[in-house]
Amino acid sequence: METLNAFAPELIRMIIAVIGAAVLVFGNALVMGYMERKLAGHFQRRTGPMEVGFHGILQLIVDGIKLMAKQLVIPAKADKPLYMLAPIISFAPVFLPLLVIPFSDRIQGFDLDVALLFMLAIASVNVFAVLIGGWASNNKYSMFGAFRAVAQSIAYEIPMLLSLLAIVFMTNTFSLRGIMDAQNVWFIFLQPVAFLIYLVSMVAETNRAPFDLPEAESELTAGFHTEYSGMAFSLFMMAEYTNMFIASCIATVFFLGGTSGIPLPYFEYTGIIWFLLKAYMFMFFLVWIRWTFPRTRFDQLMNLCWKYLLPFSLVNLLITVVVVKL
Amino acid sequence: MNVDVFEDERQHHFVLNMGPQHPSTHGVLRVLLKMDGEYVLDPQPVLGYVHRCHERIGEFKPAKAFMPNVARMDYLGALIYNQGYAMLLERAAGIEVPRRAEYIRVITSELNRIQSHLLWYGAYLLDLGAFTPIMYTFDDREHILDALEDVCGSRLTYCYSRVGGVCKDIDDKFIERVRAFIERLRGRFPMYEELVNGNVIVQRRMQNVGEYTPELCARFGVTGPLLRSAGVEYDIRKAEPYSVYPEFDFEIPLAQKGDAWAAFNVRFREMEQSLRIIEQALDKLPDGEVMAPKVPRKLKLPQGDYNCSVEAPRGELSYYLVSDGSDIPYRIKVRTPSYSNLSVVPEVCKGMMIADVVTCMGALDLVIPEIDR
Numbered sequence: 001m002e003t004l005n006a007f008a009p010e011l012i013r014m015i016i017a018v019i020g021a022a023v024l025v026f027g028n029a030l031v032m033g034y035m036e037r038k039l040a041g042h043f044q045r046r047t048g049p050m051e052v053g054f055h056g057i058l059q060l061i062v063d064g065i066k067l068m069a070k071q072l073v074i075p076a077k078a079d080k081p082l083y084m085l086a087p088i089i090s091f092a093p094v095f096l097p098l099l100v101i102p103f104s105d106r107i108q109g110f111d112l113d114v115a116l117l118f119m120l121a122i123a124s125v126n127v128f129a130v131l132i133g134g135w136a137s138n139n140k141y142s143m144f145g146a147f148r149a150v151a152q153s154i155a156y157e158i159p160m161l162l163s164l165l166a167i168v169f170m171t172n173t174f175s176l177r178g179i180m181d182a183q184n185v186w187f188i189f190l191q192p193v194a195f196l197i198y199l200v201s202m203v204a205e206t207n208r209a210p211f212d213l214p215e216a217e218s219e220l221t222a223g224f225h226t227e228y229s230g231m232a233f234s235l236f237m238m239a240e241y242t243n244m245f246i247a248s249c250i251a252t253v254f255f256l257g258g259t260s261g262i263p264l265p266y267f268e269y270t271g272i273i274w275f276l277l278k279a280y281m282f283m284f285f286l287v288w289i290r291w292t293f294p295r296t297r298f299d300q301l302m303n304l305c306w307k308y309l310l311p312f313s314l315v316n317l318l319i320t321v322v323v324v325k326l
Numbered sequence: 001m002n003v004d005v006f007e008d009e010r011q012h013h014f015v016l017n018m019g020p021q022h023p024s025t026h027g028v029l030r031v032l033l034k035m036d037g038e039y040v041l042d043p044q045p046v047l048g049y050v051h052r053c054h055e056r057i058g059e060f061k062p063a064k065a066f067m068p069n070v071a072r073m074d075y076l077g078a079l080i081y082n083q084g085y086a087m088l089l090e091r092a093a094g095i096e097v098p099r100r101a102e103y104i105r106v107i108t109s110e111l112n113r114i115q116s117h118l119l120w121y122g123a124y125l126l127d128l129g130a131f132t133p134i135m136y137t138f139d140d141r142e143h144i145l146d147a148l149e150d151v152c153g154s155r156l157t158y159c160y161s162r163v164g165g166v167c168k169d170i171d172d173k174f175i176e177r178v179r180a181f182i183e184r185l186r187g188r189f190p191m192y193e194e195l196v197n198g199n200v201i202v203q204r205r206m207q208n209v210g211e212y213t214p215e216l217c218a219r220f221g222v223t224g225p226l227l228r229s230a231g232v233e234y235d236i237r238k239a240e241p242y243s244v245y246p247e248f249d250f251e252i253p254l255a256q257k258g259d260a261w262a263a264f265n266v267r268f269r270e271m272e273q274s275l276r277i278i279e280q281a282l283d284k285l286p287d288g289e290v291m292a293p294k295v296p297r298k299l300k301l302p303q304g305d306y307n308c309s310v311e312a313p314r315g316e317l318s319y320y321l322v323s324d325g326s327d328i329p330y331r332i333k334v335r336t337p338s339y340s341n342l343s344v345v346p347e348v349c350k351g352m353m354i355a356d357v358v359t360c361m362g363a364l365d366l367v368i369p370e371i372d373r
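For the record, the sequence lines run as chains B and X.
At position 246 of the first sequence the residue is numbered 246 (the working numbering), and the sequence of numbers has no breaks.
At position 15 of the second sequence the residue is numbered 15 (the working numbering), and the sequence of numbers has no breaks.
Watch out, some of these pointers could steer you wrong.
[As the list claims (entries may be wrong)] If you want a taste of the chain B side facing chain X, the calculated C-beta under 7 Å gives, among others:
| hint | residue |
| --- | --- |
| 1 | Arg37 |
| 2 | Lys38 |
| 3 | His42 |
| 4 | Phe43 |
| 5 | Gly48 |
| 6 | Glu217 |
| 7 | Glu219 |
| 8 | Trp291 |
| 9 | Phe293 |
| 10 | Thr296 |
| 11 | Arg297 |
Think of the hints as simulated: they come from the structure by calculation, not from any bench.
Glycine included, C-beta positions come from ideal geometry on N, C-alpha and C.
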């Protein structure tokens, strides 16, 4: 993989990159699925999965087989084509952002010069999937979840982008590699406000607790995926986990210096190890708050965005621009 | 159930059917919500999904044999229901209960109350979307269930009280266990307070949701922690003292505002008071028999009607029994607290967001089998 940039023809490179992204998507879903259940278990003073394999390490594979074997129940008056399309729309685009993330100095699909815009554009496709899925299910709870998802995603994309834009102004590039390389000092120290805003928006964008209102279990049973079963449901889940991973990668690249870290002795893959460590630290954070906090109410969530995050990110952007110009 | 979707000419409103299978109705309660977007215009509870005709059954068998039925009305307060029913029959038949039995009844009832509140505490936070607290409260609750299992023989639907006392004496092991549990739970309260009660999301979710006034409570017959959270000092244990409660020193936790947050705090502080009662009862526990010496096998109640009220975890529980002089009651009526407490929902939850309806109903601490009986 390391000599890829220099020698391989573009086509082979592309194929390898896509396969790599696919492996990453499924690998991440397995790791995260296991990690979430195990961590949730330990947060709650129980052990989590223990039966299948050593400390339940094979549990997710068994679950995967079960989900694949399950019958796909389509509700009686559902809009069938749309109902089946929604999980695919949700899952299909998640490969793309992974192609532009610089996992190390050499491992990167494409160094796109508008990588940030590309990633955010792809990430917002997920809203369509949730909306279509919620609408086509012909279930009032699903529809509620879909409504909420749209309002929430649209609201939180703005502070998210504005907080990242502050860094783009500092580095003068949209390319993730450019941003990563520009960090002599990690941007978390130069842009702490932007980091906090991004962190909150990240939780809301990935629909995770305490902002998991589209699937608020105690109010909406399961929100937009109430009617989905088997593989359709697991596609939604895998899309969620991958979106979490992508959001964590963006945070790593923008605020924690990406691959930079203390060089590990006798090992040339220092970069990717640091990168994944940082990314999974964010994932751990997401799991941690999910199992600690209760859910906010919908109007509180919206108020948080429009009344606090948005003005603060605008002011932060303004200050950044002024400082950069000086 | 006068919900007509088409009465609104703009047809913006629709009916959301919450339950009978819904994660936050805790059983088979069904609530029809007439919605305008996120807002609930008209919530209507629909009852009767677990109606088992307990009161009717009571008219067909000897009064003594009705004891297991009352435990199945409120599966979280079975011992208190037992105690109340036993007291009713003792009152009717004029049977004197040994003091040791009264003390044991109080100890087990208060344990039962704590157990009920612990379960509510976890389940309520589950309603708000916090998954973890219920695991911790279940951990604590397990100690009570284990201790009670040893003396009562069952873990949930106890049948421990008998007419004239209790069926089995408690031993030193039980006392030791309960003392250890008191220590343990007291040590856990600061943790709960810090992690849950102090959490800003918890507070924002509960504050100003579903405000009760004393007038509203009086109108609907709301009792228990909800009434006390509205600032009314009414607890049957103090208002109409029964059993040996006057011998103990305890307070009635009160709050003023009557919202979900007030109810939450009142219930939380009630657990501490229950611990105090248990501690004092264990210290003062007299020796002696646990059954009255002469309880007739066939208990014939004198003609007349009898009433007995006790403080159940959810409010005032009262039994009303009409006897025609035989051993089979002519009529039994049970006034269960959740039924009246639920009846405020259409009034209080009007105009709320759906998330607040869940918060509000969670604060009622509903036990559905008790509503339907």
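Q: Identify whether the interface hint at Phe43 (chain B) stands, where standing means a beta carbon of chain X within less than 7 Å of its own.
A: Holds, about 6 Å.
(Q) The hint names Glu219 (chain B) as touching chain X; please verify it with the least Cβ-Cβ distance against 7 Å. (A) holds (5 Å)
Q) Taking 7 Å as the limit, does the beta-carbon of Thr296 (chain B) come near enough to a beta-carbon in chain X? A) Holds, because the Cβ-Cβ distance from Thr296 (chain B) to chain X comes to roughly 6 Å (cut-off 7 Å).
Q | Interface hint outcome for Lys38 (chain B) [beta carbon to chain X under 7 Å] | A | At 14 Å from the nearest chain X Cβ, Lys38 (chain B) fails the 7 Å test, so the hint is violated.
**Q.** Given hint Trp291 (chain B) near chain X, where the shortest CB pair must fall under 7 Å
**A.** With Cβ-Cβ at 5 Å, under 7 Å, it holds.
(Q) Restraint: Gly48 (chain B) near chain X, CB-CB cut 7 Å. Satisfied or not? (A) violated (12 Å)
Q | Hint validity - Glu217 (chain B) Cβ closer than 7 Å to any chain X Cβ | A | holds (6 Å)
Q: Identify whether the interface hint at Phe293 (chain B) stands, where standing means a beta carbon of chain X within less than 7 Å of its own.
A: For Phe293 (chain B), the interface hint holds, since the closest Cβ of chain X sits about 6 Å away, which is under 7 Å.
(Q) A closest beta-carbon separation below 7 Å is what the hint needs, so does Arg297 (chain B) meet it against chain X? (A) holds (5 Å)
Q: Hold the hint about Arg37 (chain B) up to the distance rule: shortest CB distance to chain X must be less than 7 Å.
A: violated (12 Å)
(Q) Does His42 (chain B) hold up as a contact with chain X if the rule is Cβ-Cβ below 7 Å? (A) Hint violated; His42 (chain B) Cβ to chain X Cβ min 11 Å, cut 7 Å.
Violation of the numbered hints given earlier is confined to hints 1, 2, 3 and 5; the remaining hints are satisfied by the structure.
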